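Since chain A is already given, all that's left is putting chain B on it; use the hints.
First to last, the protein sequences are chains A and B. Its first residue numbered 151, the first sequence is counted upward by one per residue in the numbering used here. Its first residue numbered 67, the second sequence is counted upward by one per residue in the numbering used here.
Bear in mind the hints are in silico, worked out from the structure with no lab data behind them. Computed from a predicted model, the values in this text were never measured in an experiment. Heads up, the beta-carbon is just placed ideally off N, CA and C, and yes, glycines get one too. One or more hints might be untrue.
[As the list claims (entries may be wrong)] List time: in silico DSS-like cross-link candidates among lysine-lysine, alpha-carbon distance up to 30 Å:
1. K294/B - K116/B
2. K256/A - K268/B
3. K166/A - K301/B
4. K230/A - K235/B
5. K288/B - K267/A
6. K237/B - K116/B
7. K227/B - K216/B
8. K293/B - K121/B
9. K256/A - K222/A
10. K222/A - K93/B
11. K116/B - K222/A
12. K125/B - K256/A
13. K109/B - K301/B
14. K285/B - K116/B
15. K273/B - K288/B
16. K109/B - K253/A
17. K230/A - K227/B
18. K301/B - K256/A
19. K206/A - K288/B
20. K222/A - K301/B
21. K166/A - K227/B
22. K268/B - K206/A
23. K268/B - K253/A
24. K253/A - K216/B
[What the hints assert, rightly or not] Examples of chain B residues toward chain A, derived with CB under 7 Å:
25. W250
26. K256
27. F257
28. S260
29. L264
30. K268
31. E271
32. W295
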Amino acid sequence: MKQKKLKILKPTLREKERYIAFQVISEEGEEFNYSDLEAAIWNTMLDFLGEEGVSKTSVWLMKDCWDPRIQKGILRCNNKSVQEVIASLGLIDRLGDNRITFKILKISGTIKSIREKLC
Amino acid sequence: MNFYDLHLHSEFSEGESSIEEIANRAKLLGYEGICFTTYLDEKNKIKETKEITSKLSEKIGIDIFTGFEARNISELDKLVKLRREYDVLLVKGYDLLLNRKAVETTEVDILTHPEYNRRDSGFNHVMAELATENDVAIEVNFREILNSSKNTRANVMHKIKNNVELCKKYKTPIIICSGAVTHWQLRDPKFLISMGCLLGLKLDEAKKAMSEVPENIIKMIKERQDKKWIRPGVKVM
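The following block holds chain A by itself, in its conformation from the complex (with noise of 0.2 Å):
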């Protein structure tokens, strides 16, 4: 039987969103791929700021704007935790047996604004 869908909250009610655009920065410019990248963040940000301060975040990276050509994506967070998904992202210094840095592009409250940013 088919699920039914959700009614759509509305604007007001919804939780406000932030996205932040990011740059990996690598040895010898080495090519990670999304799950890499993904396990990497979950694993820090828990580590952090535990499973409670996670739950409270809604952080989520885009898998469909992350170019592993270009090393450049979108994590998607809520905007009351902006500085906790940020500082969580500095604390990552390995993914693998690679040492990267991140460098914030942009921060947006519209998809639409950063994936100009990113292109």
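What follows is chain B alone, placed relative to chain A:
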């Protein structure tokens, strides 16, 4: 807004990366200026470092300063006498007597991680008052948080939070530095600002700790290196 990191170590002191690697990375991450810190044992290399940094500064387009970090009271006394020969004077905090001496000395610019390797936070209300009076900035060191984990990180952050709270109460300048020893430990200024927010600063206070406070220190450096300058508030007219 211009961001500065005034506590970095290159291969000339305890660091692992070259000055060029660090300066290039700082430029890429959006810093306006950086300061390479060394110890008194490396005093002979200061001329060599200054030559390299001035060439790099022009090539890369970033302000590069040189600083000394005093590790004990005798080193601090010697460095105070040589104060006009270098840019920034930092004091490596951990010992209570040294922390106290640092905040009492007007020549000192930054007291780095007063809570380093201590069970307490190494900083109290008396020191906070003195630091405000003598315009000594108290450092929030990102490397301490980055290099620790689990319970150690929680303890370090707790002690830094206590110090930040005291500094806010007594209006002591707070500076956020990466304390990086390799160019991989250097972080985008936005990460340091966010960490500052998690440690009890408001967003504008955290931004100030990365831009206005270091800018004031740089302004003081320029004044001090002027031949007409004698001591704070005294100048040949």
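The hints, checked one at a time:
Simply put, K294/B and K116/B have alpha-carbon atoms about 22 Å apart, close enough for the 30 Å limit, and the pair holds. Straight-line distance between C-alpha atoms of K256/A and K268/B comes to about 20 Å, which keeps the hinted pair within the 30 Å bound. Between K166/A and K301/B the alpha-carbon distance is near 55 Å, which puts this suggested pair outside the 30 Å criterion. Between K230/A and K235/B, the direct Cα distance comes to roughly 25 Å. Compliance with the 30 Å bound is thereby established for this hinted pair.
Our distance criterion of 30 Å between C-alpha atoms is broken by K288/B and K267/A, whose separation comes to about 38 Å. Distance hint between K237/B and K116/B is unfulfilled; the C-alpha atoms sit about 34 Å from each other, more than 30 Å. Of the pairs offered as hints, the one joining K227/B and K216/B holds, with about 17 Å between alpha carbons and a cut-off of 30 Å not exceeded. Under the criterion of a C-alpha separation no larger than 30 Å, the hint pairing K293/B with K121/B is consistent with the structure, at around 23 Å.
Restraint check for K256/A and K222/A: satisfied, since their Cα atoms lie roughly 11 Å apart, inside the 30 Å limit. With a C-alpha separation of about 19 Å, the suggested pair K222/A and K93/B falls inside the 30 Å cut-off, and the hint holds. Simply put, K116/B and K222/A have alpha-carbon atoms about 36 Å apart, too far for the 30 Å limit, and the pair is violated. Straight-line distance between C-alpha atoms of K125/B and K256/A comes to about 27 Å, which keeps the hinted pair within the 30 Å bound.
Annotation: proposed proximity of K109/B to K301/B holds, straight-line Cα distance about 28 Å (limit 30 Å). This hinted pair checks out: K285/B and K116/B have alpha carbons roughly 19 Å apart, not beyond 30 Å. At roughly 22 Å between alpha-carbon atoms, K273/B and K288/B fall within 30 Å of each other, so this suggested pair holds. Annotation: proposed proximity of K109/B to K253/A is violated, straight-line Cα distance about 34 Å (limit 30 Å).
Between K230/A and K227/B the CA atoms are separated by roughly 20 Å; this keeps the pair inside 30 Å, and the hint holds. Between K301/B and K256/A the CA atoms are separated by roughly 45 Å; this puts the pair beyond 30 Å, and the hint is violated. Between K206/A and K288/B the CA atoms are separated by roughly 46 Å; this puts the pair beyond 30 Å, and the hint is violated. A threshold of 30 Å between alpha carbons decides the hint, and for K222/A with K301/B the separation of about 52 Å lies outside it, so the pair is violated.
In summary, the hint linking K166/A to K227/B is supported, as the alpha carbons are separated by about 29 Å, within the 30 Å threshold. This hinted pair checks out: K268/B and K206/A have alpha carbons roughly 20 Å apart, not beyond 30 Å. The suggested pairing of K268/B with K253/A holds, with an alpha-carbon distance near 22 Å, which does not exceed 30 Å. Distance hint between K253/A and K216/B is fulfilled; the C-alpha atoms sit about 25 Å from each other, no more than 30 Å.
At its closest, the beta carbon of W250/B sits 5 Å from a beta carbon of chain A; the interface hint therefore holds under the 7 Å criterion. The restraint placing K256/B at the interface with chain A holds, with a minimum CB-CB distance near 4 Å, inside the 7 Å limit. Interface hint at F257/B: satisfied, since its Cβ lies 3 Å from the closest Cβ of chain A, which is below the 7 Å cut-off. A distance limit of 7 Å between C-beta atoms decides the matter here; for S260/B the minimum to chain A is near 4 Å, and the interface restraint holds.
Hint on L264/B holds. Least Cβ distance to chain A is approximately 5 Å, under the 7 Å limit. Taken as an interface hint, K268/B does not check out: its beta carbon lies about 10 Å from the nearest beta carbon of chain A, beyond 7 Å. For E271/B, the shortest C-beta to C-beta distance to chain A is roughly 12 Å, which exceeds 7 Å, and the interface hint is violated. Given the 7 Å rule on beta carbons, the hint for W295/B is violated: about 38 Å separates it from the nearest Cβ of chain A.
When the structure is compared with the earlier hints, violations turn up for hints 3, 5, 6, 11, 16, 18, 19, 20, 30, 31 and 32 and for no others.
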